[in-house]
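Starting from the known structure of chain A, fit chain B onto it as the hints suggest.
Respectively, the protein sequence lines represent chains A and B.
Residue numbers for the first sequence follow the numbering used here, beginning at 1 and rising by one.
Residue numbers for the second sequence follow the numbering used here, beginning at 1001 and rising by one.
Accuracy of the hints is not assured; some may be wrong.
Unchecked claim - Now the stretches of chain B that chain A is said to cover, found in silico as 3 or more residues with beta-carbon under 8 Å:
hint: 1; segment: 1054-1063
hint: 2; segment: 1073-1084
hint: 3; segment: 1094-1100
hint: 4; segment: 1106-1112
What the hints assert, rightly or not - Some chain B residues flagged as far from chain A (calculated, every beta-carbon gap over 12 Å):
hint: 5; residue: Pro1135
hint: 6; residue: Ala1152
hint: 7; residue: Glu1235
Claimed, not checked - Chain A is nowhere near these chain B residues, computed Cβ spacing over 10 Å in every case:
hint: 8; residue: Val1216
hint: 9; residue: Glu1219
hint: 10; residue: Arg1282
Since the hints were derived computationally from the structure, they do not count as laboratory data.
All C-beta atoms in this analysis are idealised placements derived from N, C-alpha and C, irrespective of residue type, glycine included.
For reference, the chains in residue letters:
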Amino acid sequence: MTTAIATPTLSGAPHSEHLAARLRWAVSDTLTMTKRNLLAVTRIPEALFFSAVQPIMFVLLFRYVFGGEINIPGTTYVNYLMPGIFVQTVAFGAVSTSIGLAEDLQKGLIERFRALPMTRSAVLTGRTTADLIRNVFVVIIMTVVGLAVGFRPTTGVVPYIAGVLLILLFAYALSWGFAVIGLSAPNSETAQVMSFPLLFPLTFISSAFVNVHTMPSWLQGFATYQPVSVTVSACRALMIGGATATWVIQSLLWTIGFLIVLIPLASWRYRTRT
Amino acid sequence: MPFAIEADTLIKTFKGKHEVRALDGVSFNVEEGRVFGLLGPNGSGKTTAVRVLTTILKPDGGSARVLGHDVVKKAGLVRSLIGLAGQYAAVDENLTGRENLQMVGNLNHLERTTVSGRATDLLAQFNLDDAGDRPLKTYSGGMRRRLDLAAALVARPTVLFLDEPTTGLDPQSRNDLWEVIENLVGEGTTVLLTTQYLEEADRLASILAVLDHGHVIAEGTPAELKADLGATVLEVGLSTTDDASRTARILDALGPHTAVVNGTVVEVTVDEGPTSAMAGLRSLDQEGIVPTAFTLREPSLDDVFLALTGRRTEDESEESHGPDQAPGNRALRQAAEAMPIATGELS
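If we strip away everything but chain B, and leave its shape as in the complex, we get:
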């Protein structure tokens, strides 16, 4: 099967006060019609990889091809084949939704008559027909993202790049956007998606690469990545640290993974969520320990990272004050916890 996207040992260094090697030999291939997820924390190189593949940045080393065309030598051609929707919802504030889509259509060199038809169709498809002629200032965050995605689709690209399409969205808008993306995939579009959320990658992507410090540190299907990890995370909140360490010893017995204590919270990854949870609760009851919280959730990116690298994710842009105080880390964990709770039926 031919590859829609090929990245071959891409290297990109940003010079400045601190030289940052954003891409340090990144390679991956994406088959046509697949959704490929690039998973990683802030600063891992996801956005830089997308910017190189979409011809915005030239790599310092290595090469990349989209539909067989080199992104540097055939940049103009590549641009006419791709769509890009970014995490910053790059739409023009001063225009209406319709005007934004028409502008992008015209800049894609579509026929003028095609452009207005496409704009109307996309506004309807993205549930923006009522808001289409209103200025963007009146749009909510979710509406902007939908318009941004619509703008990326004006020229019916065969390859679509989505850079953190749902970061910062509320759960409802995130779900809406996921449905839109799933429909696109049904139509055969190849999608490269970057995300910080394991759940998003799990739901949308058929294959994942985990990026860390400009390296691909793991690649596989979501199921394969999670198999290494334990399917579910059991999280128990206690009232004292003493109770926490006692609980950790009890949960260790559930195996095969070791429980981790964070203050008064104990976490353990387990293979059979509900069964382990019941066993855990029974043991705690026998010991007379009363938990303040008891949660069963899907592993987060944080957990994947812990399993792959032995350390938690860190936010490159923030000063790290130890692994658990890192703000980015906390934000990631909160985001992961806001997701629906796992049911232990992971594939």
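One chain only, chain A, in its complex shape:
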């Protein structure tokens, strides 16, 4: 009774075992999912707010409200602040990965994707790629805002771009972490609630806004070497000068470590989540 039936469908190559073809579909599916996620950013007011308005508010807050009380030897506070704001912004932005995935699960979209002949991993690669592209725009906007409020990078264009690339790479690694959270949460609200206890210590107990030497000594170790701080320090060195290599290497090590651990973890969560 298991006669295979000739089945004409519209699919040009419905199911191919060839590696090259599978790779081509993986790229195509990732692009389709990326486009879908980017369209959502332009259509959800909250997403636009978190991507663009909130970071600008942080810049203005620290630049004009808190900044007057913060003295950084050797540079202006706005120069010190901006690399920190860049990293904080992309870290906060990564929450949208967890919220988006939790929402797709909740609304049954993942069910539909699972019954389609698409590359399974494209749900995750499309989500993280969309985040990466959104972050490119965010960093450009933030650069313009920074320049408008007095941010003056001193090292030239090439190190500045290197700093931006370092931030984007770090943010990409974070997205995979927040993907794990999104795939573990029962709904999008919980995904958001689960994300913030992680984000707050990472972005605020850091060198992003203040010199860590002003913190109690027991906090300084964490505040100096945790991944956000290390990446901020590396960007600061690349953008406004200072010891570069040691921070850049440390930041890259965190990023690579995250990717090695989090990509398989997120993929496993995606496969096992029913």
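Quick look at chain B alone, frame taken from chain A:
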């Protein structure tokens, strides 16, 4: 005739606080070009069966084939042959109707030029051409369901799975969707449909399996299932429980089924609807009993269950407070009663 869908003693257990055996040896075969209805209350295993057959879930035991291909070993191939429309209208809120269809087309690996043509055709076919470029937030429940179904059809699947396609829809939208599904069947698509509504199964499916606690408890054509049941249900509302028990005795005489009293409502299944109704009314009149309501309706899933299992349907997700207070049960009955009244001309 070859089978389009074969389920062979499927077993699926969900672990958790309470272990639930959602599928407990489910077997059935669906011939090509047929509409097969899986009928059952919430928690009976319908959705789990669909999720296994559409490769979303792996069964713990047993096997299943779609068009001869094993759903576990050849999952990728099966996915390129099937379409799935779910009860939760899985469409992307942030995209327009057209963008949703194009996304599904692209993920089905259709040619880009084919995709835009298919999207336009389907929007027209499902009466969504005006709304096609509007975001889904502006869509009504019925429009979402139609789009969901359209999305399932983008790649022209040979086998279509519809998981409670009309649950929660108003009668007008439900009727519209039924017409769409009937047209599909005319084109030769094999359809597996799950439903809680006997009327829906009766209208669309040529063969039915009734699912209960992960078992198939009955299988046959809608006519066969209803023949065991009595074709029509006569429901009489009274003003007092005393009148109700007197009425029950009178209606028992109509035979061959026994009348059931629920508070002040008496129900009896009868074979010849209009004739029995007239006889019943005459007897009540002679006894001086004045009913507050007198309804002739098709048997509901609830009635099928009562006949097959000796108990009413229960909603697994709710605490049951006795058979007639179960909320799911009440919802089912209300839904059944919202359907057009039977005329006694059932096949």
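To see whether the hints hold, each was checked on the structure:
For the segment 1054-1063 of chain B, the proposed coverage by chain A is satisfied: 4 residues have a C-beta within less than 8 Å of a C-beta in that chain, meeting the threshold of three. Closer than 8 Å: that is the beta-carbon criterion, and the segment 1073-1084 of chain B has 7 residues meeting it against chain A, so the requirement of 3 holds. Counting residues of the segment 1094-1100 of chain B whose CB lies closer than 8 Å to any CB of chain A gives 3, which reaches the minimum of 3, so the coverage claim holds. As drawn, the segment 1106-1112 of chain B meets chain A at 6 residues by the rule of a beta-carbon pair under 8 Å; at three or more, the given contact holds.
At roughly 6 Å, the least C-beta separation between Pro1135 of chain B and chain A is not larger than 12 Å, which violates its mark as non-interface. Distance check on Ala1152 of chain B: its Cβ comes as close as 8 Å (rounded) to a Cβ of chain A, failing to clear the 12 Å threshold; non-interface status is violated. No Cβ of chain A comes within 12 Å of the Cβ of Glu1235 of chain B; the nearest lies about 36 Å off, and the non-interface call holds. At the 10 Å boundary, the C-beta of Val1216 of chain B stays outside the reach of chain A, the nearest C-beta of that chain being 18 Å off.
With a minimum CB-CB distance of about 17 Å to chain A, Glu1219 of chain B clears the 10 Å threshold, and the non-interface call stands. For Arg1282 of chain B, the shortest C-beta to C-beta distance to chain A comes to about 53 Å, beyond the 10 Å cut-off, and the non-interface label holds.
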